[in-house]
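K.L.:
Model the full structure from these sequences, guided by the hints.
So you can see what is in the structure, the chains are spelled out below.
Number of protein chains: 2
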Amino acid sequence: MSRSDLPHRVHVVGAGLLGTSAGLALTRAGCAVTLEDTSPTAGRLAADMGAGTLSAAHPDTELVIVAAPPDVAADVIVAQLRALPEATVTDVASVKGVILERVRAATERHELDRYIGSHPMAGRERSGAVSARVDLFEARPWVICSDDDTPPERLAQVVAVAEAAGATVLHLEPEFHDSSVARVSHAPQVVASLMAAQLIEMPVDGIALAGQGLRDVIRIAASDPGLWTQILAGNAHEVRDVLQHVRADLDAVIDALSLDAGGYATLAQTIAAGNEGHQRVPGKHGQAPTVYGTVTVVVGDEPGGLARVFTDVHQLGINIEDVRIDHATGHRLGSLDIMVLPDRVQDLVTGLSERGWRLPDHAEQEAPAPAAPHAGPPADG
Amino acid sequence: MSRSDLPHRVHVVGAGLLGTSAGLALTRAGCAVTLEDTSPTAGRLAADMGAGTLSAAHPDTELVIVAAPPDVAADVIVAQLRALPEATVTDVASVKGVILERVRAATERHELDRYIGSHPMAGRERSGAVSARVDLFEARPWVICSDDDTPPERLAQVVAVAEAAGATVLHLEPEFHDSSVARVSHAPQVVASLMAAQLIEMPVDGIALAGQGLRDVIRIAASDPGLWTQILAGNAHEVRDVLQHVRADLDAVIDALSLDAGGYATLAQTIAAGNEGHQRVPGKHGQAPTVYGTVTVVVGDEPGGLARVFTDVHQLGINIEDVRIDHATGHRLGSLDIMVLPDRVQDLVTGLSERGWRLPDHAEQEAPAPAAPHAGPPADG
Chain A
1 MSRSDLPHRV HVVGAGLLGT SAGLALTRAG CAVTLEDTSP TAGRLAADMG
51 AGTLSAAHPD TELVIVAAPP DVAADVIVAQ LRALPEATVT DVASVKGVIL
101 ERVRAATERH ELDRYIGSHP MAGRERSGAV SARVDLFEAR PWVICSDDDT
151 PPERLAQVVA VAEAAGATVL HLEPEFHDSS VARVSHAPQV VASLMAAQLI
201 EMPVDGIALA GQGLRDVIRI AASDPGLWTQ ILAGNAHEVR DVLQHVRADL
251 DAVIDALSLD AGGYATLAQT IAAGNEGHQR VPGKHGQAPT VYGTVTVVVG
301 DEPGGLARVF TDVHQLGINI EDVRIDHATG HRLGSLDIMV LPDRVQDLVT
351 GLSERGWRLP DHAEQEAPAP AAPHAGPPAD G
Chain B
1001 MSRSDLPHRV HVVGAGLLGT SAGLALTRAG CAVTLEDTSP TAGRLAADMG
1051 AGTLSAAHPD TELVIVAAPP DVAADVIVAQ LRALPEATVT DVASVKGVIL
1101 ERVRAATERH ELDRYIGSHP MAGRERSGAV SARVDLFEAR PWVICSDDDT
1151 PPERLAQVVA VAEAAGATVL HLEPEFHDSS VARVSHAPQV VASLMAAQLI
1201 EMPVDGIALA GQGLRDVIRI AASDPGLWTQ ILAGNAHEVR DVLQHVRADL
1251 DAVIDALSLD AGGYATLAQT IAAGNEGHQR VPGKHGQAPT VYGTVTVVVG
1301 DEPGGLARVF TDVHQLGINI EDVRIDHATG HRLGSLDIMV LPDRVQDLVT
1351 GLSERGWRLP DHAEQEAPAP AAPHAGPPAD G
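Those protein sequence lines, which keep their order, are chains A and B. Just so we're aligned: 243 in the working numbering is position 243 of the first sequence, and the numbers increase by one with no gaps anywhere. Just so we're aligned: 1257 in the working numbering is position 257 of the second sequence, and the numbers increase by one with no gaps anywhere.
Since the hints were derived computationally from the structure, they do not count as laboratory data.
Here are the computed distance ranges between Cβ atoms for each label pair:
id : chain 1 : residue 1 : chain 2 : residue 2 : range
1  : B       : G1262     : A       : D148      : 35 to 45 angstroms
2  : B       : Q1244     : A       : E173      : 35 to 45 angstroms
3  : B       : S1127     : A       : R44       : 50 to 60 angstroms
None of these values were measured; they are calculated from a predicted model. Ideal Cβ positions, reconstructed from N, Cα and C, are used throughout, including at glycine.
P.N.:
Shown next, in the form of structure tokens:
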């Protein structure tokens, strides 16, 4: 899409995380953005942050972005189609099929043609205008739902907005979108919440055994109940379908745990199927999964430890693909997993060992160090 | 426990990840370690790595550590109790109740008194002697199961070994241990595997919508099917109990997704209960959960970016509590979440902004920069 497709006047309805972030990005891109919110405080905050001018839509508005909560999005879309009879209207709700149905039921064909649903995949744990960021959409997928009847010049406007915000556009059917997010986002949310809820009644002594595995599984269980009720209700049919498959598989595991004939095979197949599903999810940057080599370094907790190790890696000329801090329990001692391309592992091990770092995985490869072989390098200040 | 409780002669049966790591740690602590494995190659590798001498147990062995797979652990424990009639025998399997039952059924009281089960909570995704590390147990919980009949001097030996390996000892009943790990480790493994398995049949276009939330939920789905079949079978009763609770809650969600009367309330309560369970899990270092302040920095992918930002944070005199690299999709662009104590957030924002870093969360707080306000700092080499 060419830059000339970017609408000059954009109106944003809803000054939450997504609406305010869109306003910031489009203002930066040179659009004249107006915005409104049912909460005067939220609207004022978004305007103060530079997301646009708090006002009604200009009559010449070319594009409206409805960033209202999912349960009112359809009504707001219809109202905007009526209020601005020339404008294209899009929304950013995380469900698409049910909103399209409701808009279709309430509009004429000439109105419906001006609605193009979309979904930027860019949530955060935090919500509200105060959490907005100009590059929230940068390098994220932004799904746009169109069909053969969608006027190309209106589709081009929505694509131009997504690209101006730095997003990667994906064209998907609403039904395909909804069934996909049910699997990669909505059902995982339910599963994480259900698992976390099993911990409520546990004694503290038992929870003390929790490790990083549990923490990862339930991290998104901290999500907002109000928003997620709307999302799950808005995609109820698809989420239900996935969860019924999960239940069938769960029933099989529960039966297998009686350890009757075939039980061991079912348990092994369950974990193996998880391996297979896990391998299908792309790694960093949306590429095919890369198996990085991991080098573990003991860094301790003192200030400067991370800076020193990253500086040393940089000086070795090795690019870091990912990092993970290992959360030890009960002591203040940390180790860092540094992930690099497999052919750089040996260089990293040799280089860091020579600089005095403790690499427990590679103890047998460390240079002999007669004095204090397990001490880290001296602090640099 | 005093240092003098540490046994002089220790025999390790099983040269896998845990046995070899224990041999490395106890050799470092000054013990005379012998080790054996049914696989000559594994035993030779462990010995070459410095985990001990490959040989039968010395007749004066004071402590045997059984680090055999869970499904043969009880038989090996009984054999060692018979072979060394004076020695204390412990094991490191991740289930305790079923092993104790089997040992009890096969031994006399005077033999049983010499068995003390334990479980160091220190697994890795990798297995085998080749993955062993001298500090695998450092700062990790090491559960020891004793009762009123356990001879104190034998208990002291096992505690001394755990502490010599750097672990934090927790004294728990076998039943309490098993029901706790069912909740914090075994059931989460099943749930993660079941969720990941739902992705096997998905089209690639749908999986492209996956974000960090899904990746975290299913990370441990990459675990080894053979080992996990043994673990789940060994703790079948407790895991089944937790999974039946999960199934009951899952059924309620599936019903609620019909959106009949009360459905919305059930959905909201499910997510809220997940919030409550999530809050119970301790954060880093086993402390009560701390709500760190998070500052997001755009670092890009070029070599040295991480080194520069960590060096800048260090020079600002601010301690980093945790970090997370945000995995953008489709582009090679990364941002880093730096977590610090809440009262250091403002200093970090101000300091990094002054040094030219892009902090999208805090755009409104950046110092005015007329030229290239969104550019990162220049590369340092």
